[in-house]
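Using the hints, position chain B against chain A.
Top line first, the protein sequences correspond to chains A and B.
Each residue of the first sequence is one higher than the last, beginning at 1 in the working numbering.
Each residue of the second sequence is one higher than the last, beginning at 375 in the working numbering.
Errors might be hidden in some of the hints.
What follows is a set of in silico ranges between Cβ atoms, one per label pair, in the way DEER data are often shown [claimed, not checked]:
{"id": "1", "chain 1": "B", "residue 1": "T880", "chain 2": "A", "residue 2": "H254", "range": "38 to 44 Å"}
{"id": "2", "chain 1": "A", "residue 1": "I236", "chain 2": "B", "residue 2": "A481", "range": "38 to 44 Å"}
{"id": "3", "chain 1": "A", "residue 1": "H254", "chain 2": "B", "residue 2": "Q585", "range": "55 to 61 Å"}
Bear in mind the hints are in silico, worked out from the structure with no lab data behind them.
For every residue, glycine included, the Cβ atom is placed at its ideal position computed from N, Cα and C.
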Amino acid sequence: MKTKLWLIFALSVMASLAHTQDMPMFHWENFTTANGLPNDHMFCVLVDGNRVWAGTENGLGLYENGGWKVFRPDPETKEQSLGHQAVLSLALDKRTGDVWAGTMGGLSRISAGRIDTFTQLNSGLSNDIVYGVGVQGDFVWAATAAGASRLNTRTGQWSLFNNRNTPMYEIWTYAVSPAEDKVYYAVWGGGVLEYDTKTERWKDYNDPDGETEMVVMKDQGLIHEITTSVSYVDKILWVATYFGASRYDGRYWHNFLTKDSGLPSNFLNQIKGIDANRAWFSTDKGLAFYDGTNWAVYRPALDTHKPEMLVRDATGVVKKVAVRSAPAHNYILGVDFQGEDIWVATAKGLSHGIRQKSSIETAKAISTKKSDKK
Amino acid sequence: MLQVAGILAVCLLAIAARPAPNQSTAALLRERYLSPIEMAVSPDGTLLYVICQDSDEVRVLDAASGKILVSIPVGHVPRGIALSRDGNRLYVTNAWSDTVSVIDTAARQVIQTFPTGFEPSGVVVDYAGATLYVANRLSGDVSVIDLASAQEIKRLLAGRGASYLALSPDGKRIYCTHVYPNPGAFRTKPVSEITVIDTENRRVVERKPLQNVAGVFHVATSADGKLSVAAQLRPKNLIPLAHVEHGWVFGDSLTLFGDDVGSDAVQIPIDELDRYYALPWGIAITPDKSKIFVTTAGSESVTVIDVARLLKTVKARGNALANDLSASGEYVVARIPVGHNPRGVVLSPDGKRLYVANRLDDTVSVIDTKSDTVTSTIDLGGPKNVDALRRGERLFYTADFAFQGQFGCSNCHIDATIDGLQWDLEPDGFGKDIVDNRSLENLAGTEPFKWNGGNPDMPTECGPRTEKFFFRSQSFTQQQLTDLVTFVYSLPYRPNRYRLLNGDLTPAQERGKAIFERSQAKNGAQIPETNQCTYCHSGPKFTNQKQIDVGSGKSTDRSSVIDVPQLPNVAYSAPYLHDGSARSLEQIWTVFNPKDTHGVTNDLTKDELNDLVEYLKTL
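This is chain B alone, in the form it adopts within the complex:
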């Protein structure tokens, strides 16, 4: 009987682990969740603008009553919002349309749309209302858009995964953060930066280094301009993750900079010794600089920090704070439970109310900043039914399942993508079996999983493996695992920015395609079928789902056999190879294929290799 039940359970999981056969039809029939992610408040405090990521709209609310006044359609996957100083213009970035929608707040409609870089996220407008700055996550830069001419006049190099911007109160500086660490040497501590832009000459004038930081989210500046705060993660990816119970895998922390803390930036933890507050995301500082509010997106709460006590601690201890989790007791004064996956926050102009976007509840929590309590929760009018996808998404984003609430899936898969890090996951010794973080887009049909193909399906990948090696805590129930797998399998491809709109290939891409598909070397010799690109990278996902030794294994790997990775959107997921040792696509062949075991490439000229790269970027 138990055996039958076991078989039945496996079958059910297998069914759940595959995408619905008519997913597009199912998606059409499914009511769309809203997924509020960021907000803005009108200068007089009467209106609340909420961008809804999944319904592609801005909902305008009466701030006092919470009543929805109007919904304004924008582009695909809106992510960032900014209001002009006079409140007449609202700017919304559309991450998957690569545009900014300009909304006339009086007419409550989109009046202009500007093109941006790849995956626009954060946005600010300067005080003069003349220049718009947009952080582009995928292109890692900031678009500088002249509003009068409606022209993007230049791009400024920012950190990898540039995402959030803050304008200093005097209007002279813009601070930009980024969600993936900057490129660095293999197996070295991650380094991020606060990119400082001068609004007068519209140039980057400084990059404040953030040592041992990967994943920086919102940044905010106090009204007096003397204290800026950025939310961030401090990962320990260089030592085995099996050490979860010995201390933090991710330190949830803040970087402070500005006159209040001196010339150097200071990192401070918000975790406690035995409890973590995962994924610090949104930041707000009260106008009187008495408190800092931080949403912890993985812990469904808002952390409240007393600024006077914080600065006293910083003055006494400086940067020695970063790894001392007991320090938070000196300045964290409250943890306020809110909804699922709280993200953006915004204060009313008088600083008395804090609005928190609960992304996976379709609600906004309203917090009284004096008492640090939730006074009301605004229902944005999303679907009332919480379906498997939504349940799975909540599981993906919560840190509840890890030991001491340290982290969740989305710590490494930021916004369900990658983290740009290479991890030492298993308890097999330091530096063994290093793995690069793979993308999660459209995974159905790419099984098995894990770098060596050791996990045959997604339930194994997300279930026992995660419990054993990652969370070291409670396991998912069968239903939860099914929901989680359903969600992970539902993640679509992000738009590919390297394909021409008409579907044609450029001449370079055409030449690259011919190289990718060739069966003969340039000297006319036949390339063995198993060493042709299209042998391993075949099928709709460009993987034959097999495990093959292509000579890219390292002496520190237990096995030289590597699972063939899928290639779609490969341009977004640097670095490469199973362990991330190839820092660019080129290095796969220029450095790690000396004997032509990973395809025949050593007969290619540099031009031809460039063509191959251009083609791969279109997949």
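Next up, chain A with everything else stripped away, as it sits in the complex:
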């Protein structure tokens, strides 16, 4: 009887998947303090090969070989330990493997186990609250509560960018996305700043509606001044705000709001572009994926808290896909990728989305998981 029920369930999954086209499906495994995560309140996640770094409210966790290692500040070694237990941002230097952690007490470099912390007292860092960090070549860019800081790792020179030398009228920088040609900053309440690495000039992008929550001039510019995240990939800028998301191709803006897209919420904590057309959106009402046409949302349902996956096609039709698992919480703060898998930082734990190769495989995986438990 049970086998029949599972067959029916699997068939229904396959049927629903026929409508999802190529939207990725995941089996979610969640980590909390119960299985080693330093703290359930996460801020960020970073993947480096088989290693997963989890920035939480109370420590930095490293998941490797099935176990967790936790880093916290050490009063004995001081600046040779993590700057603060609250880890707000993470970035990987892909060339060296060094991990940079933006904390509430400075910027820490973790290099093969050695930690050096740069603070506003011992270095040229502009402020100890480091909301965002990014690495481009020999430069490490930090988004702090007092403007942008750039460290040249070869010479040790710090350069600061703020209201005195850029169009940054608000200095609360919240996130950074550095690339070879451009560096973008999300300035909380100040829109987006662009740094041209060739000309070394700054330019700002603001909401044409000003600092209001009205959207009169949709697609005429940035959706809102309160920006929380930027992602620059394939010469496309993706921007997250507390009032919607934006995509900018260097000439045209396109804005995304819940009323005319598959976004589950206009309140975004992070945005991560995959390429020019695809991006992941971390919102307070779930994790969303946009493939350029269709949308998918992954979350515990807002009412029942049961696992939920919603797919919205180009015509705006939304369908529910039957799923057996979901991210740990619908308040999403950030994502990173491990091959086709996704790791998600939520307000109540870290989630590992294991990609299911196809709808049939997905159905099989779901039934197999269930069978395993029998």
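Then chain B, alone, in the frame of chain A:
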């Protein structure tokens, strides 16, 4: 009569203690010493390549006869050498040119020059001959250079003062050591590391911590890859140096790691209870892993260790060995006297001969590894005259003058620089008058010396003070003191890497200069002349040579009056303030200048403070 003689002696010392008026002309006229420091042997064992630090060249010798075949000019102050596996390419780092010279060994000439980080030292090439790794001492990192494209593709963070590299026999790992301890909290035990680089992904994959170690030199790995050995110093800088006669100030030791000793590194002493073998530097392990040879640069000898006996001791006692000087009797089988300041060593491919570079003799000792005796000494053809500078340099590098031969000047002033440590020197109680180690570059015109300016001149600094507080043993003769002072005063500035080649300042440096030279605070108030940066830090060396209370004294200092330090190359000598309590230039002002007594800085924004730092780095 005695009084007259005394005055005459003081006058002579004073003259000797000042640099020659036309030093550059004198230097031109002076024949250049060679100062061989590192070597490589061709794969067939027939050729010996010797890099000569002071003559900026590689001398190629017939290994059998010792005959010099050719001299190949390279960059300034060559320091590291590596030969490709096939022997066709020789790589030489030029420490003061920030380059690597690539030599075609058949043509015997430099065919390429690569830029590196600051002060390149050790170098290795991977087995494929595709990637070159260079340890940069001043930038504390390892340059990864792609040989095909002749591009430095990245820098890997290494220990502070990254200097020596060794490639594991399977080619998969590179071990990097460093001569200054890693940054740490004030007045805590120094910690160093062996940086382990994976040659496949060209990343640092491990840092083996070396507790209580400051100053790690060569590292070598046995042919079977199971035993690696690094030469190192274990300082006791947290207790008063006056305790020299109670035990070691510096433990001369080795760190062992690899399968032969288990998962954790093991530290072992090479000293004896009443005799020290100072500054272990070069390391070689025979191909059959029967012996380890260690040059002791301050003791003019080579220490020979029986590996089987060593491993037996380690197995029995583990890490409890580190401070037991009697342990060396269980595994040290010979001490072979060689020339002055022996540094690099290299074995012939068959392991039968060991070559030792006697840096301050311009010779190479050839040791028979079976009998542990010197069979010949190769004269590299340097000047035959040993002048005052050379005599002084030998005095600087020897440990002969300290009680039981424990240490010499160069223990703290590694390669005539600093050691990155803070010392409790005088017998005034534990933790009193802590002093940071100052740089020795271009000291003439910076007198007086000592943190409180208590020593009026260099002869006092190097003479009675050293005898009383440091060596606790025999004193220098007047002639020796004169020679030593002459040498110390001859030490030049190292190249400053923060200045633009055309001499201009960057915009940030220009802004910093204006802050350094300002006489008004940002609110328009006049800064009292005595509290302007340029009041104390004036003149060509940026010191007015006075002793001033700038509020940086500590409750543990006997006096709050501090000698004004010179500033040139200040970027190289962290930490700062007289006691090293400021771990970075920034902390001088962000932490230790709350009342604007060390210049007016509290009105500066963070940007402006950064500009000031950028300017100071150019001095």
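Hint check results:
| no. | hint | result |
| --- | --- | --- |
| 1 | B:T880 <-> A:H254: 38 to 44 Å | 41 Å, holds |
| 2 | A:I236 <-> B:A481: 38 to 44 Å | 52 Å, violated |
| 3 | A:H254 <-> B:Q585: 55 to 61 Å | 58 Å, holds |
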